[in-house]
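2 protein chains.
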Amino acid sequence: MNDETKNAPRASARLPRGLSDRGPAEIAATERMLAEIRQSYELYGFEAVETPFIEFTDALGKFLPDLDRPNEGVFSFRDEDESWLSLRYDLTAPLARYVAENFDKLPKPYRSYRAGTVFRNEKPGPGRFRQFMQFDADTVGAASIAADAEMCMMAADTLEQLGIPRGGYVIKVNNRKVLDGVLEAIGLGGEANAGRRLTVLRAIDKLDRLGVHGVRQLLGPGRKDESGDFTKGAGLDASQAEFVVGLIDPEKNAEDHVASIDIRLADSRIGQEGRAELEQIAELIAKAGYDDGRIRIDPSVVRGLEYYTGPVFEADLTFEVPGEDGKPIRFGSVGGGGRYDGLVGRFRGENVPATGFSIGVSRLYAALKAVGSPIVSAKPEPGPVVVLALDKDQLPRYQSFVAALRAENIRAELYLGQSGMNAQLKYADKRGSICAVIQGSNEREKGEVAIRDLVLGAELAASTKDRADYLELRAKAQFAVPEAVLVAAVREVLDRHSS
Amino acid sequence: MNDETKNAPRASARLPRGLSDRGPAEIAATERMLAEIRQSYELYGFEAVETPFIEFTDALGKFLPDLDRPNEGVFSFRDEDESWLSLRYDLTAPLARYVAENFDKLPKPYRSYRAGTVFRNEKPGPGRFRQFMQFDADTVGAASIAADAEMCMMAADTLEQLGIPRGGYVIKVNNRKVLDGVLEAIGLGGEANAGRRLTVLRAIDKLDRLGVHGVRQLLGPGRKDESGDFTKGAGLDASQAEFVVGLIDPEKNAEDHVASIDIRLADSRIGQEGRAELEQIAELIAKAGYDDGRIRIDPSVVRGLEYYTGPVFEADLTFEVPGEDGKPIRFGSVGGGGRYDGLVGRFRGENVPATGFSIGVSRLYAALKAVGSPIVSAKPEPGPVVVLALDKDQLPRYQSFVAALRAENIRAELYLGQSGMNAQLKYADKRGSICAVIQGSNEREKGEVAIRDLVLGAELAASTKDRADYLELRAKAQFAVPEAVLVAAVREVLDRHSS
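Which chain is which? The protein sequence lines are P and Y, in order.
Convert by adding 53 to the 1-based position in the first sequence; the result is the number in the numbering used here.
Convert by adding 53 to the 1-based position in the second sequence; the result is the number in the numbering used here.
In case anyone wonders, no lab produced these hints; they're calculated from the structure.
Check before you lean on any hint, since a few could be wrong.
Any copy, or any two copies together, can satisfy a pair, since identical chains are not distinguished.
As the list claims (entries may be wrong) - Think about it this way: if two alpha-carbon atoms lie no more than 25 Å apart in a straight line, the pair counts; the simulated SDA-like pairs of lysine to any residue are:
(1) Lys340 - Gln477
(2) Lys158 - Lys422
(3) Lys158 - Ser472
(4) Lys115 - Glu359
(5) Lys432 - Glu89
(6) Lys432 - Gln92
(7) Lys422 - Arg85
(8) Lys422 - Arg70
(9) Lys115 - Phe130
(10) Lys445 - Ala329
(11) Lys158 - Pro435
(12) Lys483 - Pro435
(13) Lys445 - Ser494
(14) Lys158 - Ser65
With the sequences and hints as input, model every part of the structure.
Have a look at this one:
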């Protein structure tokens with residue numbers, strides 16, 4: 054496109070894996086989603102705060118799930134003074150740093166929300182990205198289980214606000230203290246067993262996908278998947294594994310689960326604390342009427358992040374979508390959260406109670422597309438009015454047409470390429486424009502401009518001359534007007550096609 | 054705030070230098086700014102596109118100004134397969150990658166805009182951050198100087214749209230080809246002199262700050278600043294330096310500058326190309342009426358980025374603000390851009406004409422604060438209605454009050470901390486709330502709630518009992534209503550203070 058000779062390219066035009074570009078439709082749809090979530094969070098009294106993308110590595114800590122090697126999962130680099138910096142992997146760890154840094158001046162409880170991009174240095178896969186967006190709300194400084202119950206109710210309200218119908222989702226609630234009691238009861242308490250505890254939790258977390266049999270294998274010696282890959286298990290014996298399985302039945306209702314904890318974890322202080330919290334949250338949810346299927350206790354919910362200390366929640370979409378192999382699968386998780394009383398304490402030396410909920414914006418965007426939510430499916434804005442540039446020495450005049458349209462708040466542009474009239478009209482079609490403005494020397498000499506209705510023009514091109522209203526259509530598809538009424542004529546054409 | 058004993062903190066709650074958090078007022082103001090800029094760019098027919106934060110290092114190239122060491126200025130890290138990745142340092146280099154990657158399917162010219170955070174691994178200073186936001190528009194595939202003229206006019210329109218009054222800014226235009234002609238004329242042409250050319254351009258770029266004398270020093274042996282630090286110069290002799298200085302006079306008008314180029318660069322092909330482009334852009338701007346001080350030719354404009362190949366522009370705010378030493382200084386640059394015909398060509402082996410403009414959102418935010426633009430100075434939204442939690446066993450009932458308010462789209466929250474009534478009211482004040490809802494056992498037994506007007510309450514507290522309307526004020530500042538009319542009573546209080 055230039056007079057220079059063609060050379061070998063010096064760089065390759067591609068993105069690193071797990072990253073992607075976004076076009077206008079996805080950007081506009083995401084903006085609408087974010088506006089709805091923001092409105093819902095604000096209605097609950099949360100206020101905006103934002104932290105930067107980069108933090109000191111040790112301020113973020115290492116709480117990511119599914120990491121076999123240390124330092125994996127996070128993009129890190131050294132600052133000039135050799136200290137380690139990282140891109141944030143979630144919005145909770147940076148919030149904990151923010152609250153600790155501004156502790157004395159913040160109202161307590163401190164209720165805040167933020168949307169932001171986070172980064173995971175993981176192996177990317179289908180639907181699994183290394184950069185994605187989350188939208189979090191957190192209440193810091195509230196030990197009350199009512200704060201956790203509120204997170205669950207807000208999650209439900211927000212999903213409905215976004216167009217997920219009631220019955221199309223469920224907010225599942227569990228408690229890490231119950232799981233801690235289970236682990237203690239099978240002899241996995243104490244610092245020395247931290248690694249094995251994590252392996253057990255990860256096994257439970259796979260119940261949804263692998264079923265009870267698969268989880269039993271992962272609790273025991275290990276499991277070979279369809280591809281032949283072997284995942285080493287937690288090494289529990291059969292009775293230990295059975296004990297765990299008995300306390301993570303996702304179908305068990307809240308009362309039965311509580312009763313079962315009372316029997317099996319009768320001697321566990323932490324287990325009984327968890328039971329009491331489960332009972333409280335179930336009561337608050339029932340009294341608020343959210344026990345109609347919107348929110349329910351699910352003993353199998355774990356949530357991967359290591360920093361949770363009490364209630365944990367997961368927002369699951371229950372409708373089915375075609376899976377990778379074409380078979381229908383449940384859409385699954387679009388968000389989650391829980392209580393993290395120790396996270397702010399890392400900076401302060403004393404724990405600060407805190408709970409939060411995070412929506413996976415990119416996952417939810419895919420879900421809203423699947424249910425045809427109008428928020429993401431609105432038809433795109435039409436393109437701008439294109440003023441053709443037929444005579445290069447008339448650019449200032451064409452530019453004045455464009456300026457007149459813009460002054461009346463009509464999106465408009467001058468064609469700025471080098472091509473001829475047909476290519477310019479094709480360009481306008483490609484932009485999704487409704488109207489083009491044309492002035493060749495004929496029109497100019499008469500002080501006129503031709504207004505072309507590109508929608509009717511396309512219709513005309515597809516029709517035949519036998520058509521009864523052919524002449525009428527042709528007259529409407531392109532007509533000449535005096536320059537002075539350019540704006541009114543363009544608006545007439547735009548109004549024809551506005552809905 | 055928890056029953057655990059206090060321990061030594063395990064991490065330090067602070068941000069790396071050059072990074073900062075943002076509170077609700079700044080976030081809301083920035084959103085309003087971005088909306089105005091977006092509207093202005095869309096009116097000009099640009100459409101949204103976004104690229105990720107991370108790119109292959111070699112896709113971004115090295116075009117940053119003021120870098121004495123290679124690789125400085127950019128945050129980089131290795132991917133698992135050992136390839137180098139970087140955080141983007143601007144939005145233009147990633148756009149060039151995007152256009153090259155999607156070249157065949159994009160309309161041409163391709164007109165797009167994007168707002169996004171960029172990162173510079175530089176020494177931070179006052180007002181100089183390592184993470185900041187830019188808002189760019191670019192036209193790729195248009196060789197016409199009309200595309201550059203349009204960028205300048207859009208920059209002017211956008212600043213006015215944002216509340217910078219006409220006369221409070223100027224868009225300065227120059228041409229890199231003229232500067233290239235100057236460099237060639239003093240014998241600095243060719244690959245071997247690339248480093249010295251850059252030193253000369255950097256010296257010119259400092260004309261605004263250092264004046265002609267300072268620039269002469271930097272063109273010659275070098276310059277010692279007030280602190281005694283010595284900056285090595287370009288090593289030009291006196292006649293070379295004089296030749297340069299004669300062609301960068303910022304006060305010279307377009308005609309005189311063009312005449313002077315015609316004489317001094319009569320034999321320079323590139324210089325004459327630059328002159329022709331300057332004449333064209335001046336004509337387009339004059340015919341569109343923007344030569345009334347909104348846009349003008351300024352022979353001293355350089356723009357730091359190395360990839361510019363033709364017209365360059367800079368948006369300067371001309372009003373004065375107090376400088377670091379208290380003395381008034383011109384606010385200076387809030388954006389800039391130019392033609393970068395080679396940037397897409399790095400990926401395609403043939404040049405693709407392109408031009409763009411970038412607004413420094415964070416700089417402009419500071420400027421809008423300085424001129425008191427309503428876009429950034431709007432008073433903050435009031436806080437949510439706070440329902441006090443006086444009896445812990447009544448949480449579900451309090452929760453139902455909150456739910457009733459939210460159902461009528463009134464921002465509301467339940468107080469979730471552990472403190473008593475006075476502290477709860479103080480919390481509501483700290484949140485900027487207008488109204489609190491109170492129900493102790495007295496009110497509950499009567500089936501009532503007390504509605505407290507926190508604005509009148511503060512007025513009451515500051516007044517004396519002698520005040521004629523004291524009793525009336527007290528009755529309005531807190532009153533009891535039946536639970537059934539809670540929402541109407543709250544709305545009445547909110548309406549009192551809405552403006």
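*What hint numbers does the structure not satisfy?*
Structure breaks no hint.
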